[in-house]
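2 protein chains.
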Amino acid sequence: MTTLSFRLIGTDGAARCGEIMTPHGPVATPAFMPVGTQGTVKGLAPQTLRAAGADIVLSNTYHLMLRPGAERVAELGGLHAFMNWPHAILTDSGGFQVMSLSDLRKIDEHGVTFRSHLDGAMVELSPERAVEIQALLGSDIAMQLDECIKLPAPRADIERAMQLSLRWAERSRRVFAADGGLFGIVQGGDDLGLRSESLRALLDIGFDGYAIGGLAVGESHAATLRVVGEVAPALPEHAPRYLMGVGTPENILDAVVRGIDMFDCVLPTRNGRHGVAFTRRGPVSLKNARHAADPRPLDEASPCLAARTYSRAYLHHLMKANEMLGAMLLSEINVAYYQELMAGLRIAIAKRRLADFEVEAKAVWAQGDLPAR
Amino acid sequence: MTTLSFRLIGTDGAARCGEIMTPHGPVATPAFMPVGTQGTVKGLAPQTLRAAGADIVLSNTYHLMLRPGAERVAELGGLHAFMNWPHAILTDSGGFQVMSLSDLRKIDEHGVTFRSHLDGAMVELSPERAVEIQALLGSDIAMQLDECIKLPAPRADIERAMQLSLRWAERSRRVFAADGGLFGIVQGGDDLGLRSESLRALLDIGFDGYAIGGLAVGESHAATLRVVGEVAPALPEHAPRYLMGVGTPENILDAVVRGIDMFDCVLPTRNGRHGVAFTRRGPVSLKNARHAADPRPLDEASPCLAARTYSRAYLHHLMKANEMLGAMLLSEINVAYYQELMAGLRIAIAKRRLADFEVEAKAVWAQGDLPAR
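Chain order of the listed sequences is A and B.
Take the first sequence: its letters are residues 1 to 373, numbered as in this note's numbering.
Take the second sequence: its letters are residues 1 to 373, numbered as in this note's numbering.
Quick caveat, the hints were computed from the structure, so don't treat them as lab data.
From the three backbone atoms N, C-alpha and C, an ideal C-beta is built for every residue, glycine too.
Each hint should be verified, as a subset may be incorrect.
Counterexamples of contact, computed for chain B against chain A with all Cβ distances above 12 Å [unchecked claim]:
{"hint": "1", "residue": "8"}
{"hint": "2", "residue": "37"}
{"hint": "3", "residue": "173"}
Derived lysine to any residue pairs resembling SDA-like cross-links, with alpha carbons at most 20 Å apart [said to hold, decoys possible]:
{"hint": "4", "chain 1": "A", "residue 1": "42", "chain 2": "B", "residue 2": "320"}
{"hint": "5", "chain 1": "A", "residue 1": "287", "chain 2": "B", "residue 2": "69"}
{"hint": "6", "chain 1": "B", "residue 1": "320", "chain 2": "A", "residue 2": "320"}
{"hint": "7", "chain 1": "B", "residue 1": "320", "chain 2": "A", "residue 2": "107"}
{"hint": "8", "chain 1": "A", "residue 1": "320", "chain 2": "B", "residue 2": "67"}
{"hint": "9", "chain 1": "A", "residue 1": "320", "chain 2": "B", "residue 2": "84"}
{"hint": "10", "chain 1": "B", "residue 1": "320", "chain 2": "A", "residue 2": "287"}
{"hint": "11", "chain 1": "B", "residue 1": "42", "chain 2": "A", "residue 2": "76"}
{"hint": "12", "chain 1": "B", "residue 1": "42", "chain 2": "A", "residue 2": "37"}
{"hint": "13", "chain 1": "A", "residue 1": "42", "chain 2": "B", "residue 2": "274"}
{"hint": "14", "chain 1": "B", "residue 1": "42", "chain 2": "A", "residue 2": "81"}
{"hint": "15", "chain 1": "A", "residue 1": "320", "chain 2": "B", "residue 2": "167"}
{"hint": "16", "chain 1": "B", "residue 1": "287", "chain 2": "A", "residue 2": "76"}
{"hint": "17", "chain 1": "B", "residue 1": "106", "chain 2": "B", "residue 2": "167"}
{"hint": "18", "chain 1": "B", "residue 1": "320", "chain 2": "A", "residue 2": "309"}
{"hint": "19", "chain 1": "A", "residue 1": "320", "chain 2": "B", "residue 2": "81"}
{"hint": "20", "chain 1": "B", "residue 1": "320", "chain 2": "A", "residue 2": "75"}
{"hint": "21", "chain 1": "B", "residue 1": "320", "chain 2": "A", "residue 2": "321"}
{"hint": "22", "chain 1": "B", "residue 1": "287", "chain 2": "A", "residue 2": "67"}
{"hint": "23", "chain 1": "A", "residue 1": "320", "chain 2": "B", "residue 2": "74"}
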């Protein structure tokens with residue numbers, strides 16, 4: 001059996017840079033994982049994704065268990081072969097999507113029962129089944145099933161969900177026997193006491209890595225940072241730390257400063273499909289008419305060829321004409337920008353220059369886009 | 001001024017292989033031109049298009065004149081720079097789309113007036129303006145404005161449109177002064193007498209190449225072949241011959257046998273977006289459930305990496321899940337298949353083995369797809 005290992009390379013304050021060794025190669029941290037919901041990162045061929053700098057992608061158990069089905073993916077050689085991505089894959093447990101996408105659901109001690117949004121069939125997902133599905137997919141990093149509730153919520157509800165998630169964590173750990181690793185998920189909403197209780201219990205069980213879940217679900221950025229700032233330093237030094245569902249470049253930077261190693265978010269691809277580019281100078285909306293006659297590329301200094309090559313006028317045209325290539329190029333440019341940001345963070349941490357990097361990156365973001373020509 | 005030249009390399013019966021030298025490089029013939037309606041071949045980045053084997057793309061004057069506008073494209077350095085395609089580009093005259101896409105239109109001696117499908121503005125297109133627009137785009141091969149009528153039609157209507165197209169041909173030739181070349185378009189519907197009259201008049205004017213227009217508009221394949229079989233041999237040997245809007249692999253092969261050098265069609269990309277792959281064994285509908293568990297690629301012997309790499313099960317999944325990557329991969333696979341077919345035809349003609357090639361290709365198409373596993 002191949003397990004997961006994490007090597008800490010450097011620190012700068014609470015921030016860390018390192019490397020996760022997975023059955024499908026190394027992942028340099030801090031790492032951003034583009035989201036491949038249905039076994040594909042929307043609009044990007046795998047070789048484009050790799051060229052953009054991604055070491056690892058996240059794929060969604062909920063979507064894949066419903067279509068094409070975990071057993072089907074296993075028959076076809078696993079998710080890496082299926083999606084033609086030979087590098088690392090993290091899968092979520094399916095719990096978050098069950099709770100956000102399916103109308104009818106019942107949560108009890110056993111697990112969650114929900115109606116498939118595809119064919120209306122009733123489907124059960126238990127902690128044990130979530131582990132089994134992720135093993136069938138061949139995930140390098142599997143996540144425990146948890147209950148993720150929307151904030152704000154009464155403390156009693158947050159506590160009940162946290163305690164249930166802990167019992168599910170224990171059941172998940174007990175049955176996990178696949179290659180790769182299993183991550184536990186710290187819950188407890190915005191209550192630092194509950195977060196601390198959740199964390200201690202997870203450490204007692206023992207996982208290959210630890211995620212902070214239940215954030216990026218409606219609370220303020222300040223609340224997120226407060227939780228991250230408390231939880232991250234209490235996590236074990238020699239295991240990767242993953243902040244689920246975060247976020248904007250600013251939010252990622254703020255969390256890296258507080259000691260987070262891994263992130264995932266649909267923003268680079270979703271915003272790309274809607275015509276918004278992420279750049280060193282902050283977001284740029286290509287649908288805006290000010291780009292219509294602008295021959296300049298998005299960013300001449302970008303390591304991403306597409307960001308240096310295509311004119312703003314052409315990207316504007318593609319978005320106005322609703323051409324696929326617009327979504328494809330902006331998704332590529334955005335994933336590459338996120339990866340460039342992570343590479344910059346890794347170098348800054350290794351050189352212990354993170355404070356300079358942070359101040360400079362935020363200053364350039366705040367400057368905003370190039371003035372119109 | 002750079003002009004167009006055509007070099008005949010070999011013949012086999014009426015079929016020819018050769019090379020068109022354009023201001024943006026050579027085009028090996030027989031050539032298939034993928035269609036980039038709005039300045040992009042749908043779903044394909046330019047480097048993917050090139051890797052699939054395309055020497056030349058077709059772009060649509062009608063769409064580009066309305067958005068972003070020919071003057072805008074010229075300001076931005078021309079269409080090659082705009083779409084980041086440094087190889088050859090043929091543009092149509094806009095006439096065909098005016099007649100098929102705009103509701104309100106008036107055709108008279110001067111030209112055609114139509115209502116833009118984008119903003120409802122009234123737009124005029126004359127033979128002179130069509131030449132001017134194509135020069136602004138920087139086209140390597142410009143087409144004369146013609147009137148293309150739907151078949152079947154009364155002989156008198158076909159003749160009137162053919163005569164008008166001839167007068168427009170003369171006006172187009174008179175004003176054409178750009179780099180590259182201008183093609184005249186033989187009209188005359190399915191009437192061989194009118195076709196012959198059109199052709200003789202065009203030869204008197206003199207063009208850099210000759211197209212057969214007004215086909216693939218509702219007539220039978222037999223009628224198309226009858227016209228092509230009469231017109232092609234009467235065209236000058238040392239100029240390229242272009243059959244507009246054709247077609248399926250079979251139709252292309254049949255027209256190459258009759259002496260056609262150039263083709264364009266939306267089929268490879270349009271059918272790709274709808275889940276149909278073109279292969280050596282004929283069309284394969286990836287949405288069909290028989291592919292759902294099939295680990296085999298579309299065609300192990302294809303020169304196209306995507307056709308050899310992704311499983312049918314994955315392509316099926318992408319189409320069922322309505323993921324962009326499905327349309328992207330099938331468009332790439334289809335354009336590559338068309339280019340592979342053209343390369344095969346060129347070699348067969350050069351070796352004077354076209355009859356063998358035709359019989360074998362048709363036999364394999366007729367065999368159909370691999371049996372289900």
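These are the hints, each one checked on the structure:
1. 8: At about 36 Å from chain A, residue 8 (chain B) clears the 12 Å cut-off, so the statement holds.
2. 37: 9 Å, violated
3. 173: Correct as stated: the minimum Cβ-Cβ distance to chain A is 31 Å, above 12 Å.
4. A:42 with B:320: At roughly 14 Å apart (the allowed maximum being 20 Å), residue 320 (chain B) and residue 42 (chain A) satisfy the hint.
5. A:287 with B:69: Within the cut-off at roughly 17 Å; holds.
6. B:320 with A:320: 27 Å, violated
7. B:320 with A:107: Since the Cα atoms of residue 320 (chain B) and residue 107 (chain A) sit roughly 29 Å apart, the hinted pair is violated (cutoff 20 Å).
8. A:320 with B:67: 9 Å, holds
9. A:320 with B:84: 18 Å, holds
10. B:320 with A:287: This hinted pair is violated, its Cα atoms lying about 30 Å apart.
11. B:42 with A:76: 30 Å, violated
12. B:42 with A:37: Violated: residue 42 (chain B) and residue 37 (chain A) sit about 23 Å apart, past 20 Å.
13. A:42 with B:274: 17 Å, holds
14. B:42 with A:81: 27 Å, violated
15. A:320 with B:167: Given that 20 Å is the threshold and the Cα spacing comes to 37 Å, the pair is violated.
16. B:287 with A:76: With Cα atoms ~17 Å apart, residue 287 (chain B) and residue 76 (chain A) stay inside 20 Å; holds.
17. B:106 with B:167: With a Cα-Cα distance of about 17 Å, the restraint between residue 106 (chain B) and residue 167 (chain B) holds, given a limit of 20 Å.
18. B:320 with A:309: 33 Å, violated
19. A:320 with B:81: 19 Å, holds
20. B:320 with A:75: Holds, at about 19 Å.
21. B:320 with A:321: 25 Å, violated
22. B:287 with A:67: 14 Å, holds
23. A:320 with B:74: Judged against 20 Å, a Cα distance of about 19 Å means the pair holds.
Of the hints listed earlier, those the structure fails to meet are numbers 2, 6, 7, 10, 11, 12, 14, 15, 18, 21, in rising order.
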